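Residue numbers (our numbering), protein chains in the order written: chain A, 37 to 286; chain B, 37 to 286; chain C, 37 to 286; chain D, 37 to 286.
Do not rely on the hints blindly, as some may be mistaken.
No distinction is drawn between identical chains; accordingly, a pair holds when it is met within one copy or between any pair of copies.
Once the Cα atoms are required to be at most 30 Å apart in a straight line, the calculated DSSO-like pairs of lysine-lysine come out as [said to hold, decoys possible]:
1. 50 to 258
2. 50 to 270
3. 253 to 270
4. 177 to 80
5. 42 to 258
6. 112 to 243
7. 46 to 177
8. 42 to 177
9. 152 to 46
Quick caveat, the hints were computed from the structure, so don't treat them as lab data. Remember, predicted model here, so these are calculated numbers, not experimental data.
4 protein chains.
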Amino acid sequence: MESIVKYDSKPVLKDPILIEALPGIGNVGKIAGDFIADSLGAVKFASIFSMNFPPQVNPDQDCVVHMACNELWYAKTPNGQDIVFLRGNYQGSTPEGQFILAQDVMEIMMSYDVSKVITLGGYGTGQMIDEPHVYGALSRKELRDGLEELGVTFNPGEPQAGIIGAAGLLIGMSQINGIDGFCLMGETSGFFEDHKSAMAVVKVLTKIFGMEDVDLKELQDKSQKIDELTEQVKAANNEKPKLNELGYIG
Amino acid sequence: MESIVKYDSKPVLKDPILIEALPGIGNVGKIAGDFIADSLGAVKFASIFSMNFPPQVNPDQDCVVHMACNELWYAKTPNGQDIVFLRGNYQGSTPEGQFILAQDVMEIMMSYDVSKVITLGGYGTGQMIDEPHVYGALSRKELRDGLEELGVTFNPGEPQAGIIGAAGLLIGMSQINGIDGFCLMGETSGFFEDHKSAMAVVKVLTKIFGMEDVDLKELQDKSQKIDELTEQVKAANNEKPKLNELGYIG
Amino acid sequence: MESIVKYDSKPVLKDPILIEALPGIGNVGKIAGDFIADSLGAVKFASIFSMNFPPQVNPDQDCVVHMACNELWYAKTPNGQDIVFLRGNYQGSTPEGQFILAQDVMEIMMSYDVSKVITLGGYGTGQMIDEPHVYGALSRKELRDGLEELGVTFNPGEPQAGIIGAAGLLIGMSQINGIDGFCLMGETSGFFEDHKSAMAVVKVLTKIFGMEDVDLKELQDKSQKIDELTEQVKAANNEKPKLNELGYIG
Amino acid sequence: MESIVKYDSKPVLKDPILIEALPGIGNVGKIAGDFIADSLGAVKFASIFSMNFPPQVNPDQDCVVHMACNELWYAKTPNGQDIVFLRGNYQGSTPEGQFILAQDVMEIMMSYDVSKVITLGGYGTGQMIDEPHVYGALSRKELRDGLEELGVTFNPGEPQAGIIGAAGLLIGMSQINGIDGFCLMGETSGFFEDHKSAMAVVKVLTKIFGMEDVDLKELQDKSQKIDELTEQVKAANNEKPKLNELGYIG
């Protein structure tokens, strides 16, 4: 393991599920994963430091520094499932670094007998979205039916450009190691932090984990602002219909 | 070995020949190698994962992900020769990565007592080609006569810019390890996927492997389209003869 | 340890404090640290060579070459405290290299039972400064009170862009290893080598180390020139008030 | 050792001197070193392959490939001194790679009890030179007198930008290891392959190695062409005197 892992504690976990919630397109995965982690009262138990993160520390409100890192948090769902969240403000800075970090996370999680890997991300369309789909990608096709029942959409061969970074690599590595995994991607324009897309992902996760009664108000409020923004963009485009035809931007 | 090698099976192979068929100029090597592999009903037996490939997975039509990798496939020729194909959609992303991957492939193949290394590639000219030559480069000069009999052309000191990537490195490494090797390069404009150039390479390989009765129809159909394209370009150039004089483009 | 460490001597040090004084914004940290080291008559005892420095040697006035490196110097303060200075003309050339070098320095210093890590740097504002503050960042918040008494200012969450390079990483790594550390950042425009900002940092350090009677004349003379420069810039801006409104430059 | 070293033979060498003759400014070092090696009838005994060279092979006139590498050649001078030449068409492709290669070469040479390291290079001025000096840089100042007697010039603190690549690193590493070393830099405009500058370096080397009666005709002929070129540039500049004032170009 190239990374330096510092443990705050070594929790005993039974067949935990790993949820990856790192920054990405529209920050959908991070927002969704952080929301679930906070809702479950997750507790940080390890920090992963690496030459593959930016070489810096960030001072907090107490002027105490925090070195760029990824963190592992654990929680238990209402239906008794142990979960580990991979959280942080950074993905690896280079392609090689992303691979090494994913390898190291996988090695840690396999030492915990990880039972499943769920990665969260955005599915960028470059267009304003009214009702974001949640798209899925799988480590094996037998996982599809169960997810479709929860409202996940499967778009053959998509995204064509591949799933980049931790969201992709961790599913790929779980697949290699014979562990079930899937990626949930919230449809997003990718133009801003997309809480509405994240909420769509959260709704799928709450069904998986028996968290249907979780309070979504925070995400709903932020989603409403995105709705207003979407309406404004549409109105502007209706006035200048040719702009609308430009369609895909990013 | 830096790469992660996952075996689907461990075939017993007798003095196998390695054929490298990765992407490159005009994709000549990949098209030719994949055609031979498919014609022989090759079977995948190993996947090579590496931080030196792009950090991503690509979903297939079942939304099942595939991590960027190279693959080893094996087959037996009509005349009983075991062959291993190095296939994939990627070469290493960096110069260092290409070297490491070639080293790792060579190490795997030497564990199988590889008897010969044949790498396939394109020989880019930047000009439309009527009848593509197949050029050769060798690990030792004694290999030349046999290949000339099969129609391979030898152009002293060419390509001047060297043979880049796996097609070059694997011959170099076979040479270092005392294993015979040669590179077959189909002449190509390099402007598009060149099935006609690939067919020229395939014809040499069919002679080597006793596959003269293989059905080339698929390649012939695609080659015909390239002929039509070539005619169109020539016609256009005849109308504007000065454009023709520009000659070399790429 | 990836670095090559060559020792001129192996001094016996009691609970030394590490002071990092490498180049950075306004060169504040290097100027301040070098001044303290020279004032205490510090002696070089080790050179750290690395592939992460530029691949070169620099000839001195005797035409004797010096390979790019970092150096460790030791000294004792008037109040009997052993200090090790990390000095040099280079930081690591890449993000990964900076991390590795900080790791290696930390490993060396932990073999000396380092008791505290103080890193020095500049706090760039992009504006001419009359009386530079010295800002602090901490490995733990309990260190704050003592430094505030010495005139260090604490600006919550600042610098927002983080503390980059050795000044940040060494505090982060001391924190990880349970060693107290703080970073002193002299406020600076960042437009030139800022001896005035460095003098402000030096004044804090002299209080920490009982060096209040050190002769600051060299720094005062250079600070005066910076004052003159600042006045000229202000005068010029007063004549062209709109330029002044541009405010932040760097 | 990261490099792959393949030995053609393992010569017995007594306290050999290493001469580095790799490409660089004006190719002065390579031309001079290759000339001396050829004059002494040097024999290749090892090839150094590395991921730090370009990932390619180059076909020769027999269409036999040669993988990018550095080579070690040995020879004996008229006065009985064993010499090893570091030759090739490449330096390491990256800063890190250059460091690693220099380290590996040094490790090989120390296994041969190398007694001295002489690196050859160009000293670029950006101006046409009539009579190129040979400048020196040293691992220790005591080496200066002997070289001055041979006509080497010492320019304090020069080159200010440092000596980059193998010519610098190998002297730096010999210094670290307590081995005498110096760099001979032929003054050159740096605008073209400078055989005249190389001849100046060769003349110093012939004095060191008792080769005063070596036939310099090849270098003299090429130098004469450079003289003619220099005269033409001067004449052109005299006609357009303002161009001359532009002075430094590169």
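Going down the list of hints, with the structure as the test:
1. Neither within a single protomer nor between protomers do residue 50 and residue 258 lie at most 30 Å apart by alpha-carbon distance, with minima of 35 Å and 56 Å respectively.
2. Neither within a single protomer nor between protomers do residue 50 and residue 270 lie at most 30 Å apart by alpha-carbon distance, with minima of 49 Å and 66 Å respectively.
3. In this homomeric assembly, residue 253 and residue 270 come within 30 Å of each other (Cα to Cα) only inside a single copy, at 25 Å, whereas the closest approach across copies is 52 Å.
4. When the C-alpha separation of residue 177 and residue 80 is checked against a cutoff of 30 Å, the pair qualifies only between copies, where the shortest distance is 20 Å, while the shortest distance within a copy is 33 Å.
5. Proximity of residue 42 to residue 258 under the C-alpha cut-off of 30 Å is found in neither arrangement, the shortest distances being 35 Å within a copy and 45 Å between copies.
6. Proximity of residue 112 and residue 243 under a CA criterion of 30 Å is satisfied intra-copy only: 15 Å inside one chain copy versus 51 Å between copies.
7. For the homomeric pair residue 46 and residue 177, the shortest alpha-carbon distance between copies (25 Å) is at most 30 Å, but the shortest distance inside one copy (34 Å) is not.
8. Only between protomers do residue 42 and residue 177 lie at most 30 Å apart by alpha-carbon distance; the minimum there is 20 Å, versus 36 Å within a single protomer.
9. Proximity of residue 152 and residue 46 under a CA criterion of 30 Å is satisfied in both settings, with 20 Å inside one chain copy and 28 Å between copies.
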